[in-house]
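Colleague: Now for the letters of each chain:
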Amino acid sequence: MTKIIFDNVFKSFDSGLRVLNNLSVRIEEGESHIILGQSGCGKSVFLKCLLGIMPIDSGDITVDGISVRDENCYQEYLRKFSILFQGNALFDSMTIKENVIFGANRRNKDRKLCNKIAEEKLLAVGLEERVFDLYPAEISGGMQKRAALARAIAVEPEILLFDEPTSGLDPITGGVICNLLKDTIKSLDVTTITITHDLRVAEFLADRVSLLNKGNIVWTGCISDMQKSGNEFAENFYHASNVISLNKKAKI
Amino acid sequence: MANPLSTLGKYTLNVLSEIGNVSIFAATGVRHCFLPTFYWREILRQIMIVGFYSLPIVGLTAIFAGMVLALQTYVGFTRFNAEGAVASVVVISITRELGPVFAGLMVAGRVSSSIAAEIGSMKVSEQIDALLTLQVNPFKFLVVPRIIAGVLMVPFLVLIADIIGVMGGFIVSTTLLDFSVGSYIAQTIQNMETIDVISGLVKASVFGFCVAVFGCYNGFYSNLGAKGVGDATTGAVVSSCIGILIFNYLLTALFFGI
Numbered sequence: 001m002t003k004i005i006f007d008n009v010f011k012s013f014d015s016g017l018r019v020l021n022n023l024s025v026r027i028e029e030g031e032s033h034i035i036l037g038q039s040g041c042g043k044s045v046f047l048k049c050l051l052g053i054m055p056i057d058s059g060d061i062t063v064d065g066i067s068v069r070d071e072n073c074y075q076e077y078l079r080k081f082s083i084l085f086q087g088n089a090l091f092d093s094m095t096i097k098e099n100v101i102f103g104a105n106r107r108n109k110d111r112k113l114c115n116k117i118a119e120e121k122l123l124a125v126g127l128e129e130r131v132f133d134l135y136p137a138e139i140s141g142g143m144q145k146r147a148a149l150a151r152a153i154a155v156e157p158e159i160l161l162f163d164e165p166t167s168g169l170d171p172i173t174g175g176v177i178c179n180l181l182k183d184t185i186k187s188l189d190v191t192t193i194t195i196t197h198d199l200r201v202a203e204f205l206a207d208r209v210s211l212l213n214k215g216n217i218v219w220t221g222c223i224s225d226m227q228k229s230g231n232e233f234a235e236n237f238y239h240a241s242n243v244i245s246l247n248k249k250a251k252i
Numbered sequence: 001m002a003n004p005l006s007t008l009g010k011y012t013l014n015v016l017s018e019i020g021n022v023s024i025f026a027a028t029g030v031r032h033c034f035l036p037t038f039y040w041r042e043i044l045r046q047i048m049i050v051g052f053y054s055l056p057i058v059g060l061t062a063i064f065a066g067m068v069l070a071l072q073t074y075v076g077f078t079r080f081n082a083e084g085a086v087a088s089v090v091v092i093s094i095t096r097e098l099g100p101v102f103a104g105l106m107v108a109g110r111v112s113s114s115i116a117a118e119i120g121s122m123k124v125s126e127q128i129d130a131l132l133t134l135q136v137n138p139f140k141f142l143v144v145p146r147i148i149a150g151v152l153m154v155p156f157l158v159l160i161a162d163i164i165g166v167m168g169g170f171i172v173s174t175t176l177l178d179f180s181v182g183s184y185i186a187q188t189i190q191n192m193e194t195i196d197v198i199s200g201l202v203k204a205s206v207f208g209f210c211v212a213v214f215g216c217y218n219g220f221y222s223n224l225g226a227k228g229v230g231d232a233t234t235g236a237v238v239s240s241c242i243g244i245l246i247f248n249y250l251l252t253a254l255f256f257g258i
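Heads up: the sequence lines are chains P and B, in that order.
The first sequence maps to residues 1 to 252 in the working numbering.
The second sequence maps to residues 1 to 258 in the working numbering.
Hints should not be assumed to be uniformly reliable.
Facing chain B, according to a computed beta carbon distance under 8 Å, are these residues of chain P, among others [what the hints assert, rightly or not]:
1) L51
2) F102
3) G103
No lab work stands behind these hints, which were simulated from the structure alone.
Glycine included, C-beta positions come from ideal geometry on N, C-alpha and C.
Here chain B stands alone, though its shape is the one from the complex (with noise of 0.2 Å):
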C-alpha cells in the first residue's frame, strides 16, 4: 500500500507544477501581447465571440441575480426594520462582487470551455503543426487575440451586468416590495461610489485574463482524441472558476484594505 504522505506529497508537487506551468504560460502569452504580429482579424472575432455572444447568457445571470438579491435583502432587513438599505445593498453586492463574479463564471462556463475545445481539437487535426509550417507563431495566432478580447470584453460585460443587475433589484423592488420609484433611484445614486464600479471593472479585466490563459493552456496541453479535448474542456472551466474565485478574494482584499 502506497504511503498517504508519499501520494500526498507527489499530489502537492503536480499542482505545484501545474501552477508552474501555466504561470510560464501566461508570462509567455502576455509578452506576445506587447510584441508585434497582430492578427487583426482574429482579434476581432474573439472579441465578437468572447463580447457580443456571451451577453445575452450574462444579461439573463445578472437580471436574476439583481432580483434574487433585492428579495432576500429586503426579507432579511425587515427582522432589523432596515428595509430602507436594499437600495444601497444591491447596488453595492451588484457592482462590487455579484457583476463581476457571476459575469467571469458565466464567461468561464462559455468561452474557456470553447476556448480548450477549438484549440485541442486544432491540436488533433494538426492546424497547430499547419500554423508552425507556416511560420506563424501559435502564440500570437491562437493566445494572444484570446487573451485581449478576454481582458477587454469582460469588462465591458460587467459593466452591462452591472446596469442589468441593478435594474433586476429596482423592478422588484418597485413593483413587488412597494418602494418608490424616486426614491429608490436616489438612494442607489447616493450609495454608489466609483471604486465599487472601478473595483468591479479591474477584477472583470482579471477575471477575462483568466478565462483565456486557462482555456488556452488546456487546449494546447490536451492529450489527443476526443477524450483528450473532453477532458481539457472540463479542466479549462473547473480551473477557469477556481481562478476567478481565488482572484476575487484577493482582489478584494487590496481594494477595500482588509
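In isolation and in its complexed conformation, chain P is listed as follows (with noise of 0.2 Å):
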C-alpha cells in the first residue's frame, strides 16, 4: 500500500532558484525509502515539504490521503512524523532525558509516562544513564545522534525520516548509528525516509532508492541494480560513489 505520494511538486526560493523541479515518486507503507544525491541537489528542501515546513508551490503531498495543503488535516498529517535532523537539533536548554520527554509528551501527556518512555528510549538507544541528567552541550556528537534518534523515536511515528545520518561522524561512530539506525527500522516496523548522500549508507539501510538530481528524481530501484540501471546519471553516482571504482573516472 502506496504511503506518500509526490505527485508533481515544484518548489522555487524567492531568489527565484527552482530546488523541486516536477518532482514525482511513491514510497510504500513499511519500507525504507534512500533519497540519494549531491549536496544542493534537494534533498533537504524535498524533506522540508514533505513535513510542511516548507510551503510547495505546485502538485501535492500526501500520506494516506491526507494532503500537505489541507489545513484542517495539517496537525493529523504532521503527527505521522518524526525527524532525525542532520545537526540533532536537541534542544539546548533541555537536558537529554528532558528533551527525550519533550518529544514524548507529543502522544502522552502523562509526566510519569513520559518520564518512562524517556528512559526506556535512552537505554534503547545504547545511551547510559549516566549523560541522562547532561545537557547536549555537554555530550559527543555521536551521543547526541543517539539522544536525537530517541527523541524521535519517543514519538512513536508512522514514518521516521532521518536526514544525514552520518553527517559530521567519524566512519566509526557512522557505522555504530547505521547499525542502530537498522536495529530501529526493524524494530519499529515503520516508514522510513532517509536523506543521504552517502551512497554506503543507503546500501546498508535502502529497501529502495531514489536519486535526486537538479530537483527531479531521475531513477528510482533498488541499489543492486544502480550499477547496471542503464541510467547515466545513477550509473556515474554509483561509480564515483564507490570507492574502489573511483579510477573509472566518473562522469558527474
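Assemble the dimeric complex from its two separately framed chains, guided by the hints.
Modeller: Following this line, the structure appears as C-alpha cells:
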C-alpha cells in the first residue's frame, strides 16, 4: 500500500532558484526508502516540503490520502512524522532526558509515563544513565545523534525521517549509528525515508532508492540495480561514490 | 546614478514595512499570551534570565545614576541657591525617568541581544523546525515566555533600581554634600508622589515588552549563519533601545498631560 505520494511537486525559493522540479515519487508503507543525491540537489528541501515546514508552489504531497496543503488536517498529517535532523536539533536549554520527554509529550500528556518512555528509549539507543541529566553541549556528537534518535522514536511515529544521519561523524561512529538505525527500523516496523549523499549508508539501509538530481527524481529502484540501471546519471553516481571505482573516471 | 528621492522612498517603505511586520509579530505574541498552552518551566526560566540575572547590572547602573544626579543637581542648583531641592530632584528624576529608562536600556543590552542570539541559533541549528515537527507552536514556546518575563520582571527591576538610585543620591548627599540624614529622608518622602512610581512601573512594563518583542523578532527573522545571528543581535539591541526611547516620550506625555 502506498504511504506517501509526491505528485508533480514544484518548489522555488524567493530568489527564483527552482529546487524541486516536477518531482513525483511513491513510497510504500513499511519500506525503507533512501533519497540519494549530491549536495545542493534539493534533498533537505524535499524533507521540509514533506513535513509542510516549507510550502510547495504546486503539485501535491499526500500521506495516507491526507494532503500537506489541507490546513484543517495538517496537525493530523504532521502527527504521523518524526525526524532525526542532520544537526540533531536537540534543545540546548534542556537536558538529554528532558529533550526526549519533550518528544514523548507529543503523544502522551502524562508526565510519569513520558519519563518512563524517555528512559526506555534512551537505554534502547545505547545511552547510559549517567548522560541523562547532561546538556547536549556536554556530550559527544555520536551521543547527541543517539539522543536525537531517542527523541524521534519516543514520538511513536508512523513515518521516520533521517536527514543525513551520519554527517559530521567519524566512520566508526557513523557505522555504529547506521547499525542503530537499521535495528530501529526493523524493531519499529515503520516507513522510513533517509536523506543521504553517502552510498554506503544507502546500501546498508535501503529497500529502495530514489536518486535526486536538479530537483527531480531521475531513477528509482533497488540499490543492487543501480550499477546497471541503464540510467547514465545513476551509474555515474554509483561509480563516483564507490571508492573501488574511483579509477573509472566518473563523469558527475 | 540613483535618484535620491527614489532611494529615500525605498528606504521609507522598507522602514514602514518593518514596523508593520514587528507590529503583527507583537500582536500575535500578545494573542498567544492569553491562549493555552503555557510552558511554565520555560516561563520561569525566562523570569530568572530577565529578572534575577539582570539585577546586578541594573543595580549598579541605578546607584551610580543616583550618585551622579545628586552631585550634578547640587552643583547646578547652588548657582540659584536652590541646593535644598536636591532630594526632591533625585527622587522625582529617578522614579519617573532615570530608573525606568536606564533599567530598560540595560535590559535591552543584556537580554534583547541574548534572546535574538538564542532564537537565531535555534533557527540555524533547526531547533525551531524540531519544535514544529513535535507540534509545538514556536510562538508559544519561545515568544510567550519572553514577553511574560519582560512585562513582569522589568517593572520589578525598576522598583529595585528606584530604591537603589535614591539610596545613591542619599549616600552622596549625606556623606559629601553635608545634608542631614533626617531632612533628606523627610524631603524625599514629602516630594515623592504615587504617580511618579506608578508611571515608572508602567513604562517599565512597556519597555520589557519592547525588549522581548524586538529580541524575538530579530532572532526569528535572522539570516542563517554566524553573520546572520550577529546582525540579529545588533538589530535587537538597536531596535529595543529606539523603541524604549520613543515609548518613554509617548508615555511621559500621556501620564503628565503634556
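Colleague: Confirm or reject each hint.
Modeller: Taking the hints in turn, this is what the structure says about them:
1. At a threshold of 8 Å, the smallest CB-CB gap from L51(P) to chain B is about 6 Å, leaving the interface hint in force.
2. Against a cut-off of 8 Å between C-beta atoms, the interface hint on F102(P) holds, since the closest Cβ of chain B lies about 7 Å away.
3. Of the supplied interface hints, the one on G103(P) holds, with its beta-carbon coming within about 6 Å of a beta-carbon of chain B, less than 8 Å.
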